[in-house]
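Given the coordinates of chain Y, work out where chain D should sit on it, guided by the hints.
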Amino acid sequence: MEPLHRLTIKKFHDGLVAKEFSALEVAQAYFDRIKEKDGEIGAYLSTAEASAAREAEAVDIAIAKDETVGPLAGVPIAVKDAILIKGQPATAASKILEHYEASYDAGAIRKLRNARAVFLGKTNMDEFAMGSSTENSAFKKTRNPHDLTRVPGGSSGGSAAAIAANLALGALGSDTGGSIREPASFCGVVGLKPTYGAVSRSGLIAMSSSLDQIGPFTKTAEDAAILFKAIAGRDPLDATSADADYRNIDHPVLNDIKRLTIGIPDEYFVPGTDPAVTKAVENAVEKLKSLGLSFKRISLPHTKYALSVYYIIMPAEVSSNLARFDGIRYGGTGKQHRKNLAEIYLSEKGLGFGPETKRRAILGTFVLSSGYYDAYYDKAQRVRTLIAEDFKRAFEQVDVILTPVAPTPAFKFGEKTHDPLSMYLSDIFTIPVNLAGLPALVMRATTTLAAGELPIGFQLIGKKWREADILGIGQFYEQL
Amino acid sequence: MATISKEELRHLAELARIKLDASEEDFLIKDLGSILGHFEELRALDTSAVPPMTGGTDLKNVFRDDTERENTNRGAGVEAFPEAENGFLKVPPVFEE
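Protein sequence lines, in the order shown, are assigned to chains Y and D. My numbering numbers the first residue of the first sequence as 25 and each following residue consecutively. My numbering numbers the first residue of the second sequence as 178 and each following residue consecutively.
Don't read these hints as lab results, they were simulated from the structure. Source: prediction; values computed, not measured. You can take every hint at face value.
Listed below are the simulated EDC-like cross-link pairs for lysine to aspartate or glutamate, each with C-alpha atoms no more than 16 Å apart in a straight line:
1. D:Lys196 / Y:Glu367
2. Y:Lys328 / D:Glu218
3. Y:Lys488 / D:Asp235
4. D:Lys196 / Y:Glu380
5. Y:Lys328 / D:Glu217
6. Y:Lys110 / Y:Glu73
7. D:Lys196 / Y:Asp350
8. D:Lys237 / Y:Asp267
9. Y:Lys110 / D:Glu256
10. Y:Lys320 / Y:Asp423
11. D:Lys237 / Y:Asp262
12. D:Lys207 / Y:Asp443
Same shape as in the complex, but just chain Y (with noise of 0.2 Å):
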């Protein structure tokens, strides 16, 4: 059997029809190294070795029987624990969900299933998916697998760290503000956040409805390309979600791609960015222009508002959204001998919410209260109009934009928790992406890391519904 860390879907695949390795081996490997390494990593909050057992057996059944499987079938994954699979838990890393376990399949987990995946466990994350570090978990601290002593990025940190550590084959995570895309820069791997309404969210614990988005982590933009063809599609319990032609996303073709033309906007090159994401970004779009695509600058004039844009119109989201964590449902501990509901719900959430979800819970309260909505949320809304604006006249002249991911590679523990605006300035380059409904690609600038280098990825961004682009330059640049 090929050793972990080199084994892709891909390779997984051909080895499983080829009935070189059986999905329960590979399965079990994965467990071994679970016990072996994540008590050091801390990617994982639960494992599911035995119905993830099963599902393998299941697998190896189809193939001692010669059915054909798909290109997922018994393929290791690991799944964020925002993410609804049913029978386990899902905590969203905070304590008012503790003992929740959650009663029904997700739809990009439906999707999974149907497609033969063997599911894991679940991931660690920022409380919620409010964080750009992991470090809001309840219940423990994910490590940076290049640099123990650094983050993970976050929010969707354990999914990216399992696969940079070889804890599974492909993750999945959600994407809010970058919470996908920077935790994939900071640990070396391929992550893609989809086009708004590309993948259903039913069942996934919402955080800011129109914003959020599941999509893939893998090692590989091939892989990302077949994990998020499997994923994607109408969902009828995701009104928002639509069925769009992925038929050919795993089998780019080069001249194709070579037409498509990258803009390069000025405003993501900003002073306060560290020189080394700099030369990464620069040293990629060097290796790009190999593969014979066209470059040209752009300006997306209201890049600079993103931030302010999105901390008012997603904490305004999160503040209703949050409103269903009464202290009752969801597994509540049911502390009842409070005389009423109000007492039960004010003492539940102070006890069972963080610091960064009361937060974010009480400034969307604001935002939306009388007196401050049209200063705060109605004008956040219409600047969110101008940025798609941009985004819209940018691909009147481009195919493709490139920027760096986020300004910095990964950060030490504790070194941004002291200042919340500090934090949030670590999704500068990928908010504006969710403001917009665009998909995006994480990649690797650098392929080899000098001892002590730390990872650095830069950023695709593709019209919507065209990630077919975005990840065909990948799949070409990652064989160059």
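Chain D alone, transformed into the frame defined by chain Y:
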């Protein structure tokens, strides 16, 4: 520059149904002050002629057929209630006597 007073914060916390202790109040007043300060930059933009973007999707009028559907997972989650009776959740009174 917008700031939030202690009274205002207590009112917001009450609306959000989140009980805060005294040290949390102090931190939040400071944090929210600097976050709201950052939002001031939006005032410089004239958006009177710009329509608000009210969601993430361009889809309009997503309909489904008005037909009988199979079970809608009704009752799922009851097992996660601390106290239930015949599929209903038991809670203390909503209004005081």
